[in-house]
Amino acid sequence: MASETTATSPEDTRTSRKISPTVVTVATIYGLVAFMIVASRLVSPSFGGLSQLETILYLSSFLVYCAFGQGLVILVRGLDLSVASVITVGGVLSASLMDGSNDGLLYVIPTVLVICALIGAINGIGVTVFNVPPFIMTMAVGIIVYSLSLGFTGGTPRGFPAPVLNDLMQSRVLGIPSPIWLLIAFGALCTVLQSFSSYGRKLTAVGNNPEAAYVAGLPRRSLIGSAYVISALCAGLTGILLASYANGATLRMGDDYLLPSIAAVVVGGSSILGGRGTFLGTIGGALLLTTLATILSALGIGQGWKTVMEGGVILLALILLRDQVFDGLRAMFVRKD
Amino acid sequence: MVEASPTFEAPRRRRGPSLRYIADSAFLIVIIYAIMAVVYIAVQPSALSAYSVESLFNNSLPLMLAAAGATFVILQGGFDLSVAGTISLVNVTIAVLPMEGAGGALALLGLSLLIGITVGAINGFIVAYLRIQAIAATLATMIICQGLALVILKAPGGFVSDFIVYELTGSLIDRLPIALVIALAIIAFWTLFSRLDAGRNLLAVGQDRKAAALSGINVARTEFLAFVWAGAFYALAAYMLAAQTSTGNPSAGEPFLLLTFAAVALGGTAFGGGRGGVTASIFGAATLMLMQKVLFSLGVSSFYTGVIQGMIMILAVLFSAAVHHAAKARGGS
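If you read the sequences in order, they're chains A and G. Numbering-wise, the working numbering puts 213 at position 213 of the first sequence, and it's gapless, one number per residue. Just add 337 to wherever you are in the second sequence, counting from 1, and you've got the working numbering.
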C-alpha cells in the first residue's frame, strides 16, 4: 500500500529547478475556483461578484474547520470517521448548556471543547497504543458518541446557543462578515501550524515514514494521537459555530460534513496515504466543493444530477491531480541540466 | 497500514485446529455468534418460532451480502466506500421497474448484477489501472451512484414486484428460511473460491503486493476483479433489501456504509488485507444484527445500543489481533 508514496522521489532534483507539485496543485485549485466564480455570471447575473464570493466563503468556513483536523489525521496515515458525531456533540452540548443565555458562555465553550478533545484522545489512544486500525477505531467511537448524544437528548436536542454567538455570526467588521475574518485567521494560523512549524514538519515526517520518524527520535505515538485530538477539537468548534449559525442543534447536523471533509482534503492535493498535504490546498478543496454546490443549485439542477456532478468533480480532480500528471507537467517546463 | 517486512509466508499444513487456524478462519466469530444466539434464545422465549427465525435472517441477509462483497476488496488491501451508493442505485432501479413473476424477478436480478458489476468494474479500473487511492476513488463513485439513485427516484417510493417480496423472503420446506439458504450458498461459494487460484491471489496480494507480483500474480487484475466481485455482491444485497422492504429508497444504502465495515471488522478480516474471509464477514454481519435483537430483548434503550455496538467492534478487533499475534509467536515464523 505504501509503495506509491514515493512515486516522485527516484529522480534527483537537487540540481534542477524544482516546481513543487504542491504549489501546482494549490494554484490549480484556486485558479479553478476563481474561474468557476467568474464563469457563474453566465448562470445568473447576480453571481460572479464579491457578494457571491462572500457567500461561498461563509458557507465553506464550516467545512474548512473540520477539514483541517481531518487533514492532519490523514497526514499521519489515519482517517477520522468520528467527525460527524463530534460535530453533533459540539452543537448539541453547547446549545443545551448555553440554553439561550449569555451567562455561561465563558465556561460552556471550554467545557464543550475539552469533552471533544477527550473523544479525540480516545481515538488517538486506540490507534496508537492499542493498534486498532483508524478506520475501525474512529468509526466505533463515532457510533458510541452519537449513541450517547442520542441518549443525552432523548432524541430531541433542546436549547439555543448564546445570543452573543448568534449575533457574532451575523455581524460585520469593516464591511466583511465576522465569520470570514474568523476563517482568514484560522486559515493563516493553521497553515503556519501544518506547513511551517516544527510540529507540522514532525507530523509530515511521521506520515511519510513512521519507522524512520521513530528511529529519528520523534515521539510517534503522541504526535499521531495529537492529530486526532486536534481533529476532534476542530469538529467540536464546527459544531458550536454551526449551532450558532442555525440558532439550534440537531442530531444529524454533522452528517453533511463527514464525507465532504475527506473529499476537501483529497481534492486539495493531500495524499490519502499520508505524509503529503497542505492546509491551503484543503481550503481550496472546500471552496471548490462549495462553489460547485452553489452554482449547481442556482442552475436549478435537481439534487440527483447535482450529486452526480459533485462526485464527478471529485473523481476528475483525483485523476488530474495525480503525480504522473505533475511529472509530465514538470518535464515540460523544467529544463534538466 | 505499516509496511510489513518483505518476507513471504508460505502456507503451511497443520494437523488439528492450531492457534493459527483459529486466528485465520471464521472460528472466533462463529463462537461469538453461537454464544449470542444462546443468550438470545434464553432471554427471548419466542426466538425459535418460525416467524422470528425467518425475519431475523431476512433482516440480516442484505448486510451479510454487502459485507461479503466488501471483504473481497479489503482482503487484497483496498477499501470500497461505493457500497452505499451501489445499494441505493440498484434498490431504486428495482423499485421503478416492477416486473412481475419469476421471469421478471430473474430479469431484475440480471439487471441488478449488471449495474453492480459495472460500478465495480469502474472502481476497479480507476483503482487498479489509473492507480488512484481506493478510499478516495470509491468515495467519488459512491457520491455519483447516490446522485444517480436520486435521479431515478426522487423520494422513497416505487413498487417491488410481489414475486420478489413474497417468494424470496419466505421459507423452504416449512422451517428453512430462503435467506439462510442464500447465506449458506455464499459460504459454500467462498469455501470453493478461496481454494482456487483467484482466491489465493486475493490473499497473496493483500499480504505482500511486491512478493505477489514477483511470484507471477497479476496484481492489477486481481485488484480489478476484487472490485467487480464486490459490486456483484452489493447488487445482490440491494436486491434482497428490495425484497425485504418492498419499496425503493434513494438513500437505502446509506446505513450500509459503516455497518458493512463494522461487520467485516467484527468477522476478524484485517483492514489492510491479507487475513480473513467472506465466511467470517457473513458471521460478523449476522452477529451485528443479532446483537441488536439481544440488546432489545435485554431491555437496553435503543438510544444506547450504539454504545455497546461500538465497544464490541473495538474489542473484537483487539481480540482477533491478540489471537493472531499469539498464533504468530507460537508458530515461530
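A few of these clues could be false.
Computed list of chain G residues with no C-beta within reach of chain A, every gap over 12 Å [said to hold, decoys possible]:
| hint | residue |
| --- | --- |
| 1 | L385 |
| 2 | E437 |
| 3 | I459 |
| 4 | A471 |
| 5 | K491 |
| 6 | Y503 |
| 7 | F530 |
| 8 | A607 |
| 9 | L655 |
Take a look, some chain G residues computed to stay more than 12 Å from chain A by CB distance [as the list claims (entries may be wrong)]:
| hint | residue |
| --- | --- |
| 10 | A371 |
| 11 | G441 |
| 12 | I472 |
| 13 | G553 |
| 14 | A653 |
Some chain G residues judged to face chain A by a derived CB distance under 8 Å, without partners named [said to hold, decoys possible]:
| hint | residue |
| --- | --- |
| 15 | L635 |
| 16 | S638 |
| 17 | F640 |
| 18 | V654 |
Keep in mind that the hints were calculated from the coordinates and are not lab data. Cβ coordinates follow ideal geometry from the N, Cα and C atoms, glycine included.
Quiz prompt | Hint numbers contradicted by this structure | solution = 3, 4, 5, 8, 9, 12, 14, 15
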